[in-house]
Amino acid sequence: MATRPKMAVIGGGPMGRAIGRILGKLSTPVSIWARRPELRERLRAELPGVEVPAELKAAVEGADLVMFAVPANELELAAKHYGEFATGDQIVLSATRGVGPGFVLPHELIRKQTCIRKIGVLGGPLHARELALGRQINLVVASRFPEVIESVRALIAGAPVALSSSRDVLGVEVAGAIANVASLAAGMSEGLELSDTARGVLLTHGLADAKRLGVALGADEVTFAGLAGVGELIPRNVTSMDRHLEVGRRLAKGETLPSALSAVEGHVEGVATAKAAVERATVLRLKLPLVAAVASVLDQQASPKEALEAVLHLGLELEGRGRARA
Amino acid sequence: MDWESRVSYRKAAPMRAEDQARIKDELESRVAQAYTRRTEQGGPRLSEVLEDSLYHERRRLKEDRGSPKREADNHFWDQVQAELRRASETTERTLLRRVARHYTEEIAGNFNPRVYQSVTRALPPALGLLLNAVSPLKLVRKLPELPSIDEQVVIQGEVEHLHRLHDLGTVIMVPTHVSNLDSIIIGYALYRMGLPPFIYGAGLNLFSNPLISFFMHNLGAYTVDRKKQDPFYKDVLKEYATLTLESGYDNIFFPGGTRSRSGSIEMRLKLGLLGTGVSAYVHNLRRGAPQPKIYIVPATLSYQLVLEAETLIDDFLKEVGKSRYIIEDDEFSRPRQVFEFMSKLVSLDSKIHVTVSRGFDPFGNPVDDDGQSHDPCGRVVDTARYTWRNKEPVIDADRDAEYTREVGEQISQSFLKDNVVECTHVVALAVFGLMRARNPRLDVLRLLRTGGSDEDLELTAVYREVERLLNELRAKAQRSEIRLGPSLSGDATEVVTDALARYTSYHNRPAAQRRGDRLVPSDRNLILYYQNRLEGYGLQPFPALTKDHRALSSR
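Quick note, the sequences are listed as chains A and B, same order.
Under our numbering, residues 1 to 326 are what the first sequence spells out, in order.
Under our numbering, residues 1 to 555 are what the second sequence spells out, in order.
Don't read these hints as lab results, they were simulated from the structure.
Any given hint could turn out to be false.
[Said to hold, decoys possible] Once the Cα atoms are required to be at most 30 Å apart in a straight line, the calculated DSBU-like pairs of lysine-lysine come out as: (1) B:K391 - A:K57; (2) A:K80 - B:K391; (3) B:K476 - A:K112; (4) B:K417 - A:K80.
Using the sequences provided together with the hints, build the complete structure.
Here it is in C-alpha cells:
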C-alpha cells in the first residue's frame, strides 16, 4: 500500500487501547469501536488522536484493515455485526486467543460470519502492558495471504515492533488458545507452591498438547517451536496470561471457579478453550493430558493437586521427525 | 421442465474466426508482457525462460517418439536454439513471442470454429446417432443399430440456475471425472439442457482416438498436451483459457486433472486452471465488460458401472509413484468395448446421472439466480472488491490462488452432496467392509492380493451390512448429504441381487458373484474401485485408502 493504511479496531479493552495508542503515535488514521458507551467515553478521553464513533459502521467504513480485539466469547457477535458492513477488499486481523464452542477457531468464526477472505491472526508474546509502555514487542502475524503480512508491515512501520510472519493460521491460533489453558495450570502450580521445575514441566506439557491437537487439525508442527508456541510460554506476563495465572492460583487455593473468575478483569478464555479442546480431542482420538487435567479441575472432577500431579508423573514422549531411536 | 425447447441463442454465438485470431494475438502479447515484467522485477531472464522451454521440449521429444509433430517440433526448436545463441534482448522478446505463438497454434489448432458453429446452430441428433455416425464403418456394418442411450442419461439438479448464470455471465463447469465418456456425456447433457457447447481442454492423446476426436471438435475442444512439462507452456495454456472466458465462451474444466484412478470423488483438486476464473474476472472489470462475472458450476457424473474401471484401479494400485498419468491403451480406445458398454447400459436400464450443483463465484461464495454473490449469512457481496488493490482491480497470483483454494473446497463439498450412489457402490462397500473386519491384521493391499482368511462370505451377512449402510445412506440423503440412485429403492436383498447382475454384465471378471448362499468377491480390485465412490462419507470405521493412495488418486 502506497500510503499508510486506515485501521479500525473493534473492541475497547486493554489490547484495543494499546493498539490505538501505538498507531495514534504513528499518525496512522485509526478508529476504535467499543460496544459500551462508557468505554467509548474512556477511549475518547485517553486517546485524543483516535476516532471513536458511536456506530460500528462509521468505524469500519473505508478502513483498509479491521482488527478484532475482543474476547473469544464476544467474537462471533462482533464478527456478525461487522459482517453487515464488511467489504471483500478489507483485511481482517484477529488478536483473539481462544475458541468458540466446538473448538471453532477465530479465523473460522470470522469466515463464517463475513464475506472476508483476507484474514490474518496475531500471536506470539504480545503483552498489552508492554505495548502500552512503548517497549519493543515481538509479534507473529499469520495469514495465507502475503498481502495481509505486507499490510501489517506497512501499518507498524516506525513502531517498536519486531514482526515475524507465518502462513500457519491454524497453528498460531491453536498455540495461543492452548497457552491460556497452560497458564491456568501454571497458576495452579504456583497456588499449590509446586517447584519452578514443576511449572516448567506443566507448560511443556501444554505445548506438547497444543502441538498434538494443532497438527491433527492441519497445523505445521514447526509453529509450536516458534515465537507463537514456545516463544510465548517463557515470558510470564503475555497478554491474557496474567489473568489466567491468577485464576489458576485462586483455584489452587480452594476458591470456586465463579469466585476466581469474578476476581479478575477481562474474559478468561482458557476455561471455555479447555472444555472445547477436550471435546475435540475425543473426536480425534487424541490424548491431551494437561488440557484434560485442567478441564477436570474446572469441572470439579478433580482437585488441582490430584490433576496436576497426575500430569507431572507422565513421561513426555518426544515426537516428530527428530525422534531418537532406541 | 422443457429444456429441449429453449436453446439459448443469446450466447450461443460460435467462436468466430476473428475471435480466434484476436485471442491468439492478445495471448502472445499478454504472455510476453508478463514475462518481461517478471524479468524487470528480478525474476528469471528471458533467455533462461527460453532455455528452460528448450530443455523441456527436447526431453519430451526424445522420449515421446510417437508424437505426430515430432519432426516439425524438432525443427522449430532447432531454430529457436540457433537464434538464442546470439540473441539480443530484443531478439529474446521476439523469440518468446514466437514460442508463445507456437504453443498457442497447437492449443487452439484443433478448435474448429466451423464445426462449433454448426453444432451450435443445428441441433445435434441423439447421442446414439452421434455415436453411430462416428463408429468405425466396420463396426456399424456388423452391428447395424447402436443402442440409443439417450434414455439412460438423467439430468437433474440446478438446471434452471445454470441457465440463469449462463445468461448473466460466463460459466466454468467443473465435473467429476472417472471416464473418458464424461466429456461426451457432459456435451450431450448441455445440449439436452438447451445450452450451447462449452469449450474445454482435451488431452492431445484423445485427438488420435477416432471415436472421440469427432466429439472433441464438436464440443469445442482445444488441445492440452500433458506431456509438455515446460512451465511456459502451462502459462500459455492458462492464458488461453482465460482469454476464452473473457470472450464469453463457457468452459469445462475437469478439476481432478485426470480421471480418478481410485474411483473416489475428487477431494484434492488441481486448481491451476480453475484460477483463470479470477484472472478473467479481473480483466473483464478492467476493461469494463458489460457482463464481467464468472460463475463456477459443479456437475457430478455418476455411473453404476464405469467403462474403464479395471484399467483405472489397476493403475491406482501400482506401487505408489509408478502409476501412469496418461493412459492411452484403455477400454476407451477399443470401439467394440465402448459399444458393449453402451449396450449393457441400455439392456440393464443403467442410468448415468448428471447432477448440476448450485454455482459459486471465483471467491467461493454461493451465487443466487440473479447472479449475486452471498456471504455465509446470506448478505449480498460486492465481488469486485475482492480484486482491489488501492481501489483498482488487479491480478495478484498469490492472493488469487488462495481465493481459488476456497472455491476448490466448495466444489468438493458439492461433489459429495450431489454424488448419486448406486447398488454397485453400496454392495462393494459392504463386501469390502466385511472382508476388512474379518482380516483386521491385513492392510488393504495385502487383503487385495490374498483375499484374506475366507474365500467367500455368507449372503446373510452381506444383506445385514447392506441393510445397515442403506439406513445410514437414507438418513444422509434426507439431510441432503448424498443422493440415492434408483437402484437403491428396494430392500437389501433386491439391492444385492441388482448389484450382482450389474457386476456380471459388463466386466471381464465380475466384482462379486453369487454361489448358493455365499457371495464370492471374484475381482477384489473392482470391489475396491466401486466402494471407493463412498469414501469420505464416514460410513465405515476405517478408510480403505491409505494416505499415500489418497494422495495418488488425486494427483
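Subject >> Hints not upheld, ascending by number >> reply: Hint check: nothing fails, all pass.
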